[in-house]
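Asker: Next come the chains, spelled out residue by residue.
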Amino acid sequence: MTPGTQFAAAGGVVARVLRFAVPLILLSALGFVPLADLGANATKVLFLTCLSIGASVAWNILGGFTGQPSFGFAVFYGLGAYTSALCINGGVNPYLSYPLAAGIAALASLLIGLPTFRLRGPYFAIATIGVSEAVRVVMTNLAFTGGASGYRITEQVPFRQLEHYYTGLALAALAVVISMLVRYSRFGLGLRAIRDDQEAAADSGVNPYVSKLAAHAVAAALTGATGGVYARYAAFISPDGVFAFQRSVAILLMPIIGGVNTIWGPVLGGGVYGVIEEELTARFPEFHLLLYGALVILIILFEPGGLMGLLGRMRRLVLRLRVGSWQPS
Amino acid sequence: MAAILTLEGVSKYFAGLAALDGVSFEVREGEIVGLIGPNGAGKTTLFSIIAGSQAPTSGKITFQGRDITGVKSFRAVHAGIARTHQITKPFRSMTVRENVEVGLRFGRQSGAHSAGRGPIQNQVREILALVGIERLADMSSVTLPVGDLKRLELARTLAARPSLLLLDEVCAGLTESEMASILDLLRDIQKRGTTIIYVEHNLRAILSTCQHVVVLNFGKKLAEGPPQEMQNNPAVIEAYIGKKAEA
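Chains A and B supply the protein sequences, listed in that same order.
1 is the number of the first residue of the first sequence in the working numbering; add one for each residue after it.
1001 is the number of the first residue of the second sequence in the working numbering; add one for each residue after it.
Simulated from the structure, these hints should not be mistaken for laboratory data.
In this text, all values refer to a predicted model and were calculated from it rather than measured experimentally.
A virtual CB, placed ideally from N, CA and C, is assigned to each residue, including glycine.
Take these hints with a grain of salt, some might be off.
[Said to hold, decoys possible] Taking lysine to aspartate or glutamate and the DMTMM-like style, the derived pairs with C-alpha atoms no more than 20 Å apart in a straight line are:
(1) B:1089 <-> A:196
(2) B:1060 <-> B:1008
(3) B:1072 <-> B:1008
(4) B:1072 <-> A:199
(5) B:1089 <-> A:199
(6) B:1089 <-> B:1169
(7) B:1072 <-> A:197
(8) A:44 <-> A:277
(9) B:1191 <-> B:1029
(10) B:1089 <-> A:197
(11) B:1220 <-> B:1026
(12) B:1220 <-> B:1238
[Claimed, not checked] Residues of chain B clear of chain A, computed beta-carbon distances all greater than 10 Å:
(13) 1006
(14) 1065
(15) 1105
(16) 1121
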């Protein structure tokens, strides 16, 4: 083995260690963040960032691993939010309402998936927009949830921001763990095969329809739980907030920014989006969507792999420079 | 030998155009059957129908005594039928090893049935060695040249452990030596007990490997029989190169 290849092999080991160490360190750091006493506003931003990460990672299971870009994830977010809200107001423990929110969202994903997964590519994407808008209109006119006026959650307990923060962090961590389990399982291998070539996948024994429905359900369940956690924090939800088309776009944008079809890209994208979204919305209330649009165009044109692709490119450049600097004696 | 596959009056219409019109024949277990015919004869359509990628408009297909007419392709794979494609379809984001793993983990003897064959990586290695691309196991499938892609497609199909293998022009675009080695491989696969239906334009390849040949023309079965006989059959010659002009 030449020193060059030794260096590359050592680089491979380091990369493997980093792959697990960095997220663990990051997660531990996020766990200790509140101890630094950042103040209510910064904690709120971090809480919302955790939720962004949860939804981003969830979308990636369907849009990234399976290659089925859905523009309708606000449906699951909204249904999760309303399920939790109704449960909490009905006296159910909030922590029990989250699995219920996940369940309702998963059920909805099956109802939506059964007809829409008969479509492919852009037709599927368009169908999800249609379903999403239809659900929003129905919710706007549904009397028992307050219709367009929205729905208020009344809890007889004091507001504890840290509890919300840790719930959000746990949800984000759960989403990442589920995403990893999916990615490295037989199920995940089948999803990747579908993403690459659906005909070839079916000709290898993969059932594309059932696999897509299952991926949709897992992603919807996580998104629904995220919506539930958000609803309890916000204490007030409305169809124009949780079911908004912008919400669907945001959920899809985060993994694209970070890098679709990877484990950590959506985490990175959700993190970046969560942190800057508040600031951008406050500073440019009219233009922040335009900025995101421009960002997506730039990413698709120059780095379809998103931030992860960019990091990979930089890593290869550094490795090449260092291996190149080695001279035989 | 018993028939492993029986086609009875299989037809396929595309908006009134008959791509296949009442095709019937039998494939006996353990044979290599050549399926030949001029361009547009319906060979690939027939393949897609047997493999479940398309449903026939009418007719019946029986495989190992079971009616499999119109079953979906993944069910056909689980029943023991696997196909390759004329234009190879590798899983482009995967390595060669992972491509084969898909066939192993979702094919006929996946899950509980694969127990006893050893760890999955050993099975992958065994199949890659059989088709002669073991050295490429960790390469990304997008980087492979045509010849190796054809072998990868064959490896992934074999990984599904089929009893009936459908090969669509596996020699197209290959050099003479590559073709000879693929044909040796087909004979080897046959010896291991797999029945093969082989679509090929190269008549030399068909003559040197097949025990039986079915000739299609304009969606109909023109003739069938031993390869030498088909080569001298006036109807087959006419379908391929036309009639002698009358003086």
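Asker: Residue 1191 of chain B and residue 1029 of chain B: Cα distance at most 20 Å?
Answerer: Holds, at roughly 12 Å.
Asker: Starting from residue 1072 of chain B, check that the Cα of residue 197 of chain A is at most 20 Å away, please.
Answerer: The given pair, whose Cα atoms are some 16 Å apart, holds under the 20 Å limit.
Asker: Could you grab the alpha-carbon distance between residue 1220 of chain B and residue 1238 of chain B and see if it respects the 20 Å cut-off?
Answerer: holds, 15 Å
Asker: Is residue 44 of chain A close enough to residue 277 of chain A, meaning Cα to Cα at most 20 Å?
Answerer: Holds: residue 44 of chain A and residue 277 of chain A sit about 12 Å apart, inside 20 Å.
Asker: For residue 1121 of chain B, which was marked as not at the interface, is the minimum beta-carbon distance to chain A over 10 Å?
Answerer: holds, 14 Å
Asker: Does residue 196 of chain A lie within 20 Å of residue 1089 of chain B when you go C-alpha to C-alpha?
Answerer: Holds, because 9 Å separates the two Cα atoms, which is no more than 20 Å.
Asker: Between the alpha carbons of residue 1089 of chain B and residue 199 of chain A, is the straight-line distance 20 Å or under?
Answerer: holds, 9 Å
Asker: Taking the shortest Cβ-to-Cβ distance between residue 1006 of chain B and chain A, state whether it exceeds 10 Å.
Answerer: holds, 22 Å
Asker: Run the distance test for residue 1072 of chain B versus residue 199 of chain A: straight-line Cα separation, threshold 20 Å.
Answerer: holds, 11 Å
Asker: For the pair supplied as a hint, residue 1072 of chain B and residue 1008 of chain B, confirm whether the alpha-carbon distance does not exceed 20 Å.
Answerer: The hint holds at about 19 Å.
Asker: CA of residue 1060 of chain B to CA of residue 1008 of chain B, is that 20 Å or under?
Answerer: Holds. Residue 1060 of chain B to residue 1008 of chain B sits at ~5 Å (cutoff 20 Å).
Asker: Compare the distance between the alpha carbons of residue 1089 of chain B and residue 197 of chain A with 20 Å, and conclude whether the hinted pair is satisfied.
Answerer: holds, 7 Å
The structure does not agree with numbered hint 15 stated previously, though it agrees with all others.
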